Amino acid sequence: MGAELVTEQSTARAAVEVSEHIVEIVSDSGEGAQTAGQMFADLCARSGNGIWTVEIIPAEIEPPSRSRAGASGNRIRIGSSRVTNAGDEADVVVALNEQVLYSRIDAGALRPGTIVYVDKVWGESRDPEVRARYVEAVEDFRRRGYTVIETPIESECRKRTKDPRKGKNMWVLGMLCALYDLHEGTVRDRIAARFGRKGAAVVEKNLELFSDGFRWGLENLEQRFHVHAVPVETPTVVMNGNQALALGVMAAGIEVCSMYPITPATSASHYLAANFENAGGIVHQAEDEIAAIGFALGCSYAGKTAVTITSGPGFALKTEFLGYAVMTELPLVVVVVQRGGPATGLPTKIEQGDLMAALFASPGDSPKIVLAPATIEECFHLIITARRLAEDFRSPVIVLSDANLATGQQPFAKPEPKEAWLAGPVDQSDWDSKVAPMAWDPRTGLSKRPIPGQRGGQHVLTGIVHDEWSHIAYESGVNQRAMAMRSRKFAALASALKPPVVHGDPEGDLLVVGWGSTLGAIEEAVDRLRADGRRVSSLHLRFLSPLEPGLKEIFQRFRKVTTVEVNYADDPDAPLINDETRRRSQLARLLREHTLVDVDCWGPVPGSPLPPGQIATHLATKLDELGRES
Amino acid sequence: MVGLKTEWEIEPAPRECTLAEYKGAEARWCPGCGDHSVLSAVQKMARDKQIPPERIVVVSGIGCSSRFPHYMSAYGFHSLHGRPLPVACGVKSRRPDLHVFAISGDGDCCAIGAGHWVHAIRYNMNITILMLDNSIYGLTKGQTSPTTRLGRASSTHPHGAPLPPLNPLTVTLGISNVSFVAQTVDWNPPHLSATIRAAHDHEGASFVRVLQRCPHFTGDVYADALEDRSHVLLMEHPDGIVLEPAMRERLKNRVDHDPRNLGEAFQLAARTDVYPVGLFYRDPDAVRYDLVTAHGLGKTPSEKLGAIEEAIERFAI
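Quick note, the sequences are listed as chains A and B, same order. Residue numbers for the first sequence follow numbering that gives the first Met the number 0, beginning at 0 and rising by one. Residue numbers for the second sequence follow numbering that gives the first Met the number 0, beginning at 0 and rising by one.
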């Protein structure tokens with residue numbers, strides 16, 4: 000096949016060099032646009048391009064076909080160097096029907112000039128209503144300024160297969176490879192790897208469809224692009240954030256993942272369910288979210304490290320046990336892959352709305368460690384950190400990921416697992432029975448715990464106020480001391496952290512503070528503005544509890560500080576909203592309290608990742624206001 | 000030891016655990032509370048079986064009976080209201096060497112923790128579940144519990160409980176993969192001890208309901224049985240709870256019941272005219288989830304690293 004393609008390539012149009020491009024593939028659910036998108040991203044990454052992907056997911060498994068809300072697919076941003084976020088509007092969209100394209104238009108994913116390849120089969124439908132809607136839509140797309148290319152996707156596939164619904168995606172993948180001047184080199188292997196389990200006939204059929212699409216593209220595409228790629232030389236992996244979390248769980252030597260199904264967290268557990276046992280771990284699917292954390296705490300008490308993985312509504316159910324873990328100083332890693340809230344909210348969409356819940360959920364004072372990975376790579380490494388912190392500080396550690404990281408794919412340096420990352424064996428040596436099970440170091444609040452099986456270490460954990468022997472004690476002095484010791488641990492941790500690094504100049508007009516998956520988009524926005532000479536920098540936090548040190552000092556070097564985060568804040572210009580009534584985004588509230596600096600915020604909740612262009616526009620407005628004030 | 004005469008080898012003195020070694024803080028239950036007899040039965044059994052105290056983990060929920068672990072000298076986990084069973088299952092999941100007891104009450108198990116009860120029975124991990132049923136919320140001062148009798152007045156239903164009580168036995172027997180269901184009473188220590196011993200012997204989740212009196216709120220509920228022993232129906236079988244002949248003789252109302260017979264177990268468990276005691280059901284062949292959760296135990300660090308490297312390699316480009 001390779002030789003055949005290379006000769007034909009000479010008849011194709013020359014590809015235009017571009018530094019980056021954003022491509023979307025959308026279809027009805029079940030037509031495989033996600034598979035095609037993931038494979039296209041994978042091929043680009045393998046050829047040495049930077050990539051970032053975003054899944055476009057409907058709320059149902061197979062919603063009615065040709066419906067706006069049913070759009071399923073993938074956005075892939077390809078660059079000639081590292082790509083850190085999903086970018087702004089798409090350059091190219093392939094739509095398997097015109098209705099799903101509307102959902103992308105509604106989401107603001109297109110701009111005038113976007114090239115749209117839409118399957119023209121609907122214009123040939125026997126159903127006059129379908130035909131009419133197609134014709135009407137194509138006219139509308141042209142009016143909106145898109146470059147519409149009606150493409151014979153289904154009719155071409157029909158030449159090869161009776162059921163094009165099950166093969167269109169490979170044809171589209173072939174066409175995209177032609178469009179982006181990708182050589183088919185490893186495609187055969189990738190298709191075999193992807194469909195091998197379904198048998199040789201399926202692999203062959205997919206290869207044929209891919210090849211048809213590729214050939215059609217070379218012969219018919221008026222315009223082709225080339226995104227310069229630097230061949231990968233250092234060991235690199237490509238995966239999404241949930242896969243990275245799951246691998247992090249394995250590399251941390253965690254033995255038990257106790258979970259209950261919830262979107263968008265569950266795919267991490269799916270990965271573990273298929274792969275954990277080889278690394279000596281198990282997935283326990285509990286009867287509910289409460290049981291999932293209870294089971295994990297049981298494991299942890301017995302000396303085995305455990306993680307529970309959930310999303311907002313599940314996290315809400317876990318909060319009583321979380322307070323118990325704080326009270327009894329039980330190590331536990333809790334991963335919260337955030338989605339939109341409150342209640343069921345936006346189950347498949349991104350939001351960063353659980354920061355306050357993570358910090359303050361549980362009655363009473365319940366300090367705990369809260370971390371937030373900002374990249375796919377950090378999803379892997381922060382789990383290893385979290386496991387160690389949980390044990391060293393005898394504390395639950397919450398890792399706040401989000402739907403953007405969960406499904407986004409990005410290449411990063413291949414991790415080299417180390418034995419030191421793994422949890423050690425369970426200590427079963429005798430315990431000096433004169434040492435209390437919570438023998439708090441008076442300076443740091445830290446202590447070591449006996450594990451069941453250690454002779455002499457018998458004690459009873461209790462959620463009731465207790466002294467260092469874990470003996471129930473209602474006396475006020477005991478409570479005061481125990482609270483202080485449990486709180487002191489976080490001061491001890493904070494004192495070991497380094498101040499965050501400022502991206503851009505260490506001083507200026509505006510400092511943008513972010514956390515979680517917005518890192519790439521914020522820094523790109525800041526870089527664009529800085530290229531225009533604006534005095535703006537940014538700072539991204541990974542530790543949210545305890546906060547990284549030195550923030551006040553950093554903030555004071557800027558005229559204004561604002562957060563950019565994907566959780567709700569009142570628009571300051573809305574009716575009734577003033578400085579007193581305005582409800583601010585969550586990190587902003589935390590930073591205001593922590594630094595006593597008048598930190599502003601921008602908290603849009605579109606249910607999709609914030610594009611760097613929108614962030615830049617917002618920051619430019621803020622900078623303009625500052626300019627007018629001075 | 001090479002080079003030494005065998006008679007020179009020093010045998011460490013065998014460890015002998017005394018009853019005192021299983022005793023924790025002084026029990027603070029009210030005088031006359033049935034919990035005292037359960038505690039002493041568990042301690043004696045542990046001593047008789049010489050289970051090292053550090054290998055025992057007692058997990059409880061919230062309520063009077065859930066103070067249980069504090070009064071043992073063992074590892075204990077006094078958890079949250081309704082949640083001892085998930086914790087107990089978690090403890091057992093990767094530590095087959097530990098003897099895990101879950102102590103719950105009628106409110107803890109059958110109301111707030113009912114979801115976990117159903118699933119823990121189905122998981123059938125090798126743990127001993129003691130449900131100390133005094134048919135009232137004692138610690139919070141006398142509210143109706145799921146097992147409070149119809150019409151009995153309480154702080155939350157001063158005109159009497161409006162609904163018939165939930166039968167924890169028929170519910171448990173109705174759960175798929177159930178493997179051990181027994182009932183005993185706090186006023187018959189030999190039967191209580193024999194039942195707890197059989198429950199611990201059983202390899203799987205053993206569910207024991209202990210009928211108890213709360214001296215403050217339900218001291219009178221079993222007056223009929225205390226007055227006339229024929230209100231207690233002793234279920235007998237060589238595979239069941241076996242009593243000393245003298246003790247057996249004192250209970251005249253007896254019935255032969257094969258604990259493999261689930262249908263008959265249901266009928267006995269549903270009886271309201273007598274208090275059946277003994278073993279309703281035992282299935283030694285039920286699937287044990289603790290054998291599943293123990294998969295992968297004992298992997299060496301290098302085996303783990305190898306598996307992790309291989310997993311990462313699959314994402315390499």
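I should point out that these hints are in silico values taken from the structure, not numbers from a laboratory. Hints may be right or wrong, so weigh each one.
With the Cβ distance kept under 7 Å, some of the chain A side facing chain B (calculated, not the full set) [claimed, not checked]:
| hint | residue |
| --- | --- |
| 1 | Asp126 |
| 2 | Thr235 |
| 3 | Asn274 |
| 4 | Leu316 |
| 5 | Pro416 |
| 6 | Pro451 |
| 7 | Arg454 |
| 8 | Gln457 |
| 9 | Phe489 |
The model shown is predicted, which means the values in this text are computed figures rather than measured ones. Glycine included, every Cβ here is placed at the ideal spot set by N, Cα and C.
Consistency of the hints with the structure:
1. For aspartate 126(A), the shortest C-beta to C-beta distance to chain B is roughly 44 Å, which exceeds 7 Å, and the interface hint is violated.
2. Residue-level restraint check for threonine 235(A) holds (minimum Cβ-Cβ distance to chain B is 5 Å; threshold 7 Å).
3. For asparagine 274(A), the interface hint holds, the least distance from its beta-carbon to any beta-carbon of chain B being 5 Å, beneath 7 Å.
4. The beta carbon of leucine 316(A) comes no nearer than 11 Å to any beta carbon in chain B, farther than 7 Å, and the hint placing it at the interface is violated.
5. Annotation: interface hint on proline 416(A) holds; nearest CB of chain B at approximately 5 Å, less than 7 Å.
6. Given the 7 Å rule on beta carbons, the hint for proline 451(A) holds: about 4 Å separates it from the nearest Cβ of chain B.
7. For arginine 454(A), the interface hint holds, since its Cβ comes within 7 Å of a Cβ in chain B; the closest pair sits about 5 Å apart.
8. Restraint check, glutamine 457(A) versus chain B: the minimum CB separation of about 5 Å is within 7 Å; hint holds.
9. At about 23 Å, the closest approach between the beta carbon of phenylalanine 489(A) and any beta carbon in chain B exceeds 7 Å, and the interface hint on this residue is violated.
Hint compliance for this structure: hints 1, 4, 9 are broken, all remaining hints hold.
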